[in-house]
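Read top to bottom, the protein sequences are chains B and R.
Quick note: to get the working numbering, add 56 to the position in the first sequence (first position is 1).
Quick note: to get the working numbering, add 3 to the position in the second sequence (first position is 1).
Among the hints, erroneous ones may be present.
Chain B stretches covered by chain R per the calculated footprint, using a threshold of three residues with CB under 8 Å from any CB of chain R [claimed, not checked]: (1) 65-71; (2) 163-173; (3) 193-199.
Under the rule of at most 30 Å between Cα atoms (straight-line distance), these lysine-lysine pairs were calculated in the DSS-like manner [unchecked claim]: (4) R:53 with R:114; (5) B:202 with B:191; (6) R:53 with B:191; (7) B:191 with R:114; (8) R:114 with B:202.
Hints were generated in silico from the structure; no laboratory data involved.
The beta-carbon is built from N, C-alpha and C at its ideal position, and this holds for glycine as well.
Next come the chains, spelled out residue by residue.
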Amino acid sequence: MNLFDSLSVSGSALAAERQRSEIIAANMANAETTHTEAGGPYRRREVVFQPAGSSFRLALANTASSMGPAPGSVQISEVMDDPTPPIMRYEPGHPDANKDGYVAFPAINPAMEMVDLMSSVRSYQLNASAVAAEKQMIQQTVDILKS
Amino acid sequence: MTPTTPLLSTLESFLSLTVNREQAISANMANVDTPGYRTRDINFQGELRKAMNATQSQSENGGFTAQMNPVVQEVSGLMERPDGNNVNLDREGLLMSETQLQYQIGVQLVKHQFHQILSAINGGGQS
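Chain R on its own, in the form it takes in the complex:
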């Protein structure tokens, strides 16, 4: 028996997805003045659903979580500046705060999971 729960594997893919998104956002912010740069993002909900399905099928087979490879794609429908750059600072700032909070939620849930395991080890008494 492994000490990890199915929820921990899901949380792992959730955290790794938020990190991927954070990197996409920081790349967009870094290239705010680069001519011709197009805003990039990952489809968070779609990728998370894919990861959760993979985790479910794997936990049934008793395997490890697969390496995730989220698709980074260009975002459409943004206003383009004359130099061909379409980075929207408000969008990126808002998404960065959102991603940061999502990451915090993920970390808190992971901590809670480990506390639960610790509580089981201690017989539900202290800690």
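Extracted from the complex, chain B is given alone in its bound form:
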């Protein structure tokens, strides 16, 4: 356990939040995508966070050499598809319309995505300020060497 471990813990959160923002941006960009390579409309995606760095390593922290993520880190365990069924809109002229003239649009609510994005950005800021604090503490330690 040292200050550099704290840095990597905050760093793991920065990486996770950035990936979350990327997924949200992809959701918003594809809010009107009716045609994907897999067929059908775009499926909204969501990230799942889980703690990384096992408690086993926490127990061995004083004896074993540091391996893997520091205890307390966070990671994205999976990116899952939202099972919500697509919204059917009546647009007979659309190339992806079915025989009744309905087009399947992804079930994406822009307001919800924006709120999610704001939450992600705030968490990113929080961890960025934690990194700044840890950096300052390391700098102070270095300053002991100066007279």
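Could you slot chain R onto chain B? The hints should help.
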């Protein structure tokens, strides 16, 4: 005779405790969006008292400071969100500033101790 003073050993455990606490806080901040995560912290005053008693008994025996192993435990009495996470951002932010200042105090005291030793070496004159 060793050039370290008993106060330096105490300061060492103080600094190491603040670093441990800093890590607990940064882990809480990192997991602010993790479902089911519980806030963790160390009992700072209790651990410091334990460390100081250990330092005192060791300086009497003339030994080195023992390896500290503070207990990280879950914090009770925090409001839990529907996803089972109970990280309170205000609490963590405040504690992080507090820990940072405590660390600064510790570092300044360590520097002061070494300056005192240097002053003794120089015969109390310059520096």
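Taking the hints in turn, this is what the structure says about them:
1. 65-71: Contact hint for the region 65-71 of chain B vs chain R: holds, 4 residues under 8 Å.
2. 163-173: violated (count 0)
3. 193-199: holds (count 4)
4. R:53 with R:114: Status holds; Cα separation ~24 Å.
5. B:202 with B:191: holds (17 Å)
6. R:53 with B:191: holds (29 Å)
7. B:191 with R:114: holds (19 Å)
8. R:114 with B:202: Holds, because 9 Å separates the two Cα atoms, which is no more than 30 Å.
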